[in-house]
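J.: Chain by chain, the residues:
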Amino acid sequence: VIGALSLIFQKHPIHSALSLIVVMVALAGLYLLMGAEFVAAVQIIVYGGAIMVLFVFVIMLLNAGLEEHTSMSKLAGFPGILLALALTGFIAATVARAEIPQTANAGKIPGSLSSTHGISTAIFSTFVYPFELTSFLILIAILGAIVLAHRERH
Amino acid sequence: MVPTIYYIALSAVLFGLGVLAFIFKRNIITIFMSIELMLNAVNLAFVAFSQDSGKLDGQIFVLFVIIVAAAEAAVGLGIVILIARNRQSLNVERVDLLKL
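Residue numbers (this note's numbering), protein chains in the order written: chain A, 13 to 166; chain B, 26 to 125.
Since the hints were derived computationally from the structure, they do not count as laboratory data. Just to be clear, a hint being listed does not mean it is correct.
Said to hold, decoys possible - Label pairs and their in silico Cβ distance ranges:
| no. | chain 1 | residue 1 | chain 2 | residue 2 | range |
| --- | --- | --- | --- | --- | --- |
| 1 | A | L30 | B | L107 | 24 to 32 angstroms |
| 2 | B | V90 | A | T106 | 29 to 37 angstroms |
| 3 | B | D82 | A | H162 | 37 to 45 angstroms |
Stated by the list, open to error - Derived, one-sided and incomplete: chain A residues facing chain B with beta-carbon distance under 7 angstroms:
| no. | residue |
| --- | --- |
| 4 | M46 |
| 5 | A52 |
| 6 | V54 |
| 7 | L149 |
C-beta: ideal position from N, C-alpha, C; glycine also.
Make a model of the complete structure from these sequences and hints.
T.: And the structure:
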């Protein structure tokens, strides 16, 4: 997975988009491994299907060529790489110190609880309000996309 | 069964790579893809913790994150197309309209 991920650092946007698809599919496989079938299916459908088609379409539409290698501004580059490494290290240190009290429930869930049935029950009972909010969010996003695409016509 | 800590470590690495790509890339589409990468890293951590704690809340949050990511990608790519039409460039350093 990490090997597929390092492909992200490609020059051409099409190449990095394809490698991003590889990463999505690998993540879906990991979800399946963890017993989250529904999330894996949604990941494949939404990410591997819709979003990546959108990306590839936009790349083709805009005819994006090679990324011009502008001076990279060493002043911002060096602290940037330091900062990202520090962030990763910080997350790792926090996780390592947290000492997860595991193996109590691990391995027990796959099967019945983690199935689509449990997720749908929870979504329509406990999480009804956020669920409806996300539908409004989707509607607003559709409207925004339509407005953005329509304006330059006249 | 793979221990949760490996999933969390992988998630941290993915997030770090996303941050790196976000900082270093000059192409606006690639920057969007790195944002998607970071969202995926967080999703992986959510599912890992959900599996670890035996509750389903994490997976439901992952669904919400995916929905928001889809909406964000739609609007963001619309904005990208507009910017590219107006500027004839995908380089973020050319988008300096707000600069004094």
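J.: Sort out which numbered hints this structure fails and list those numbers smallest first.
T.: 2, 5
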